[in-house]
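Trainee: This is what each chain is made of:
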Amino acid sequence: MRRRKAIRNIGLLVGGALAGGAGWRWWRMRRQPPMEVLQGNLALLDDLAETIIPATDTPGAKAAGVGPVIFTLVRDCADRMTQNNFIEGVQDVIGKSRELYGKPFGECSQAQREELLASFEDTGDSGGLVSKVRKRLTGASFYTTLKKYAVLGYCTSKAGATEAMRYDYIPGKYVGSLPLQPGQRSWATR
Amino acid sequence: MGDPAQDIRLNIKGKDQHTYDAIVIGSGISGGWAAKELCEKGLKTLVLERGRDVVHVKDYPTALLNPWEFEHRLENPEKDRIENPVQSTAYDEGNKHFFVSDREHPYIQASPFHWIRGYQVGGRSLTWGRQCYRLSDLDFTANAKDGVGVDWPIRYGDIAPWYDYVERFAGISGQKEGLPHLPDGEFLPAMEMNSLERHFKSTVVKRFPGRCVTMGRTANLSAGVGGRGPCQYRNLCSRGCPFGGYFSSNSATLPAAMATGNLTLRPFSIVSEILYDQDKKRATGVRIIDAMTHQTVEYYAKIVFLNASTIGSAAILLRSKSRAFPDGMGNGSGQVGHNLMDHHFRVGAEGIYKGFEDEYYSGRRPNGIYVPRFRNLDAATSRKDYLRGFGYQGIGYRRIWMDRGESIPGSGAKFKDQLTKPGPWALWLSAWGETLPYYDNFIELEEGQKDRWGLSLVKVHFSWRANEKAMRKDMQASAVEMLSQSGFEDIDPFDFHAVGGDCVHEMGTARMGNDPAHSVLNRWNQLHEVKNVFLTDGSCMTSSACQNPSLTYMALTARACDFAVTELKKGNL
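These protein sequences, in sequence, are chains A and X. All residue numbers for the first sequence refer to my numbering, where the first residue is -8 and numbers rise by one. All residue numbers for the second sequence refer to my numbering, where the first residue is 1079 and numbers rise by one.
Accuracy of the hints is not assured; some may be wrong.
Covered, in the sense of this in silico footprint (three residues per stretch, anywhere, with C-beta under 8 Å from a C-beta of chain X), are these stretches of chain A [to be verified]:
id : region
1  : 40 to 47
2  : 77 to 90
Derived coverage of chain X by chain A (criterion: at least 3 residues anywhere in the stretch with Cβ under 8 Å from a Cβ of chain A; other residues may be distant) [what the hints assert, rightly or not]:
id : region
3  : 1148 to 1155
4  : 1469 to 1482
5  : 1513 to 1525
No lab work stands behind these hints, which were simulated from the structure alone. Since the model is a prediction, treat every value here as computed from it, not as a measurement. From the three backbone atoms N, C-alpha and C, an ideal C-beta is built for every residue, glycine too.
Chain A on its own, in the form it takes in the complex:
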C-alpha cells in the first residue's frame, strides 16, 4: 500500500512540474467544457458549416440542418479536449471576424468567411504521424472537428444525400460496371 502511494506521489510531482509551466493551458483543455457557449451559437455553427458547404444548385449545409448536428456530435462524440478546442475555436471565430471585418461572422461575405476559415485550416491538423500524436495528447483542432462534423452532418442529411449526391434506399441489385455520366454525383452511402 505504502509503495503504491509513493508511486502516486511521484506521479503528482511530475504532473505538478508540467503544470507549473503550462497549468492554465492544461486546465483549459481538460476542464468541463462550457457547452452553453455552443448551445448559444447554433446559428453560428450553421454559418460555419454553410461556409464549408454552401448552397449552390443544390442545398447547402444550413438548409440541411447541419449546425445542430455539429452541436450534438461535439457534445456526445468528441473527447473532452476536442470539445474544449472546439469551443475555444468558436470563440476565436467570433473575435476574429469582429477584429478583421468589423462585423459578426454571419454578416461577412462568403469570401471573407472562407478567408477566415483558411487561417484556421493553416494552423490545424495536417494529417500524418506528428498530427496523430498531437491529437492524442491535445485533442483534435477546432478546424479538424468543424470540417469532419460539417462533412458528416451534410453527407448524411436528407438534403445532402438525396440532392447533392445520389442515394438509393433499396437498390435491389448490384451492377459492377456502368458508364459515368458527365457531372454525375457520387453515391452518398456504401
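On the provided structure of chain A, position chain X as indicated by the hints.
Mentor: Quick look at chain X alone, frame taken from chain A:
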C-alpha cells in the same frame, strides 16, 4: 423487463414442462442448426438462450432507417466508448442493440482480448460477416503434418456431403474455381465484380501464376431460397434484414425448427451447468438461472447440444463439476478452455488506381472479392519463416466523402463540388490469417469474482506468437506486391495490430481429436467422456485454418445431429 414466461414460445404439442428429447444450449449459428436438425428428425427440442428473444423482421428496429434518422449519424458517442469499451469497437448506432453491455456482462482480460458477444435469440448470426469458405484436407491434415496440437479426427471426405447439405439450405453465393485447397460448394450465382476488381483479377492471375481472385462466397442470397431473400443490396445486414436477404438463425433455422411443432424456445435462460448421472455416465439435463427472476430451474433430456459459443461453451463445461469431473465435465484431458484461437487480421494494403474514371457501379454489394490462400500449399509455395497461410478479402470502390472529405482542402463551392463527386478508384486488400493452437492461450474461471447471477467470471489469456507475427509481415508485403504489380499507386500498407477476439472467430477450447487423453471431443463432436453431450460451435475446432469458420460449424452440427439421432434410435445414448 417483461414477464419472461410471455416470451417463451411454447410447443403446443409438448406436455411435460421439464423433460424433452433434446436440449440445445444457445441459438446462434450452430445452435440454430442443431435446433432445426433435431426438430426435423422428430425430437422434442428445448432451445435455451441466455438473452432476449429477437423475432425475425419484427425485432429489427433500425433496419429501414436512413442515415439522417440516427441522432449521431452512426458515430459512437464517447459514453459508449467508456461504458462499452470492448463491444463498441464492433458496433455502431445501427446495430448496437445486438451486442451485450460490457458492464452487465463483465469478463477478465488477463491479457488484451476482445470478447464480442450478442446475447439474444440468434446470437451473433444476426451480425456476422457472412463469408463462407470450406476447409479442405490441406487444413484437416495440417496439424498432423506439422506436429502441432493434435490431428483432426476427420478428413474432408467426412464433412463434404454436410457442406453440400447446409449450403443448399443456407444459400451461399459464389463462383466455382476448382481449387483443391478451397473446395467449391453448392453455390447460388456469384455476385458481380466491378471494373477495378476485374482488372485486379486479370493482372494477378497473369503476374502471379497459381493465385486466384474470386468473388467472395457469402451467405447473402443472390437468388431467393425457401421464401427468403433475395438480397436487396442495401449492405445494412447487421441491423437484421427485413427481406431475409442473408442467413441467420432468426430468418432461417429457427423458423424451420418452429414449423415442425417440436421446438420450445426459452429466452432469458442462463445455463449454469450440465447435470451428470455418475452411474449411467450420461448427462441428464441442465440447470438454468432465469436471467430475469434469478430462479433456478432444471430441464432434462436424452441428449444435450452445447452451442453457447467457443468461450461460453467451455465456461459451461468448466462449471459443470461433479465427483466424476472435479475439473469440469469432459475435462479428463485438461484441454477444456485451452488452445483458444482467433484469426489475426486488419493487416494489408490499399492502393489508388488511375483509370476507369468514366466508370461507376450501382447498388451496395454486401460482399467483396477473395484471394484464396497461396502460401504453404506445396513444396513450390512453402515458406521457411512460418507455417500455414492466409487469404485476402478485398473491395474495389470509388472513394466518397467518408473516405476523403476531410483531406480535400479549403471550403466553399469548389470544396463542395469535389466532396460530392466520385473520387479516385481504390482497392482495399486485407488478410485473414491462420492462428496456431497454443495450450497457454486459454480461458479459465475466476472463482473469486461473480457476475450478477453468481457465476464466476471468465478470464482470458491470449497472445499472438512468432508464427503469427512472421506471417503478418508477409500478409502486408504480399498485398503491397500484388497491388504494385497490378498498376496501383499511392499504396498504403496498414497493420492495425488487432488483439485476440477482434476477428470474432474464437475457436478451439474443446478440440476434436482421436485420443481422449489429449482432446475433448471425438470425431462426432461427442464428449469423449460423456457420450450424450455434443459441442459443435467454434470450441470444437482442432486448428483454425484461415477460412471464415461459421460454415464449418454449420456442417459439423448437421453431421453430429444426424449421428446423435441415429445413435439414440439404436439405444446407444
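Trainee: Does the structure break any of the earlier hints, and which numbers would those be?
Mentor: 2 and 5
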